[in-house]
Amino acid sequence: MEAGEKINSTLDAAASVSSLGTHQFLDDFALAYHLVVAKRLRVGPEAVLSRARQNLNRWLEGDAFGSGERQSVEEWQKILDGSDIERLIEIITDTSDEGQRLRSSSPLVGALTPEERLEILAACEQRATA
Amino acid sequence: MNKEQLLDLTERVKLVAGIELPVIVGSQSLYAITSQVPDSVKRSVECDFLLLAADPSTFRAVIEQIGFASSFQETHGYYADAVGLRHGRAAGGLAGAPRAAEGRCREDARLLPRSSRHLHQQADGW
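Protein sequence lines, in the order shown, are assigned to chains A and B.
Residue numbering for the first sequence follows the working numbering, starting at 1 and increasing by one per position.
Residue numbering for the second sequence follows the working numbering, starting at 1 and increasing by one per position.
Think of the hints as simulated: they come from the structure by calculation, not from any bench.
Beta carbons: idealized from backbone N, C-alpha and C, even for Gly.
It cannot be assumed that every hint is accurate.
[Unchecked claim] To be clear about the criterion: a stretch of chain A counts as covered by chain B if any three or more of its residues have a C-beta under 8 Å from a C-beta of chain B, and this derived list gives those stretches:
# : segment
1 : 24-33
2 : 77-86
3 : 116-123
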């Protein structure tokens, strides 16, 4: 067995593997969250979009975000300005790497209540450990 | 994320996960050796923290309190991802020269030699 394989094998044996601690789980959670947000957008888009814009404005306030950090915020501002609801839903539920990348900086957080968010998290955890 | 945000997040991970020395992995670990990070690192709003031998409740606490879509993220615009050892590994071992991480990584994640000088002993990056 090569040295690299031995190290990886040891890590596998020693690692306390929690399904919550994988990027797959975290990506699944983000997607599940946005699938619910998508339903909310179909029913009442104004409230969801208003909150998203408030989030973007808040993140840009003050000097916490420099020019590099602002890129993801400005990217989302363009998306919200330039997309109709169906296109926005397409973007936030896209399962490609690009979709995952955009969801990771999504301003649509807060569209659901904390309780709804925790329900989604619990459902994802149940699926991951089934 | 900038270094100030990263340090703030690191302090919160220490409180939430109850660990003294969080290990930052992935692209944000570049701050361990330089403040001049690429834009791709700055534009990322999340940071991976490696939790070794942590039980599911610790991972859950990080997600709930300072993770994706938390009220923390909504307020501040950035958040923590808690990951275990299965998140990524070095091809050919951890020691020696940097290696590209296997598995799925969001950014160009490389394992870099550990140095905590730039993080002022608050965290280790690797």
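(request) Check, residue by residue, whether the segment 77-86 of chain A contains three or more positions whose beta-carbon lies closer than 8 Å to a beta-carbon of chain B, and give the verdict. (result) violated (count 0)
(message) Three residues or more, CB to CB closer than 8 Å: is that satisfied between the segment 24-33 of chain A and chain B?
(response) n = 5 at 8 Å, threshold three: holds.
(message) Using a Cβ cutoff of 8 Å, are there at least 3 residues of the segment 116-123 of chain A near chain B, or does the coverage claim fail?
(response) Contact hint for the segment 116-123 of chain A vs chain B: holds, 3 residues under 8 Å.
Consistency with the previously given hints fails for number 2 only.
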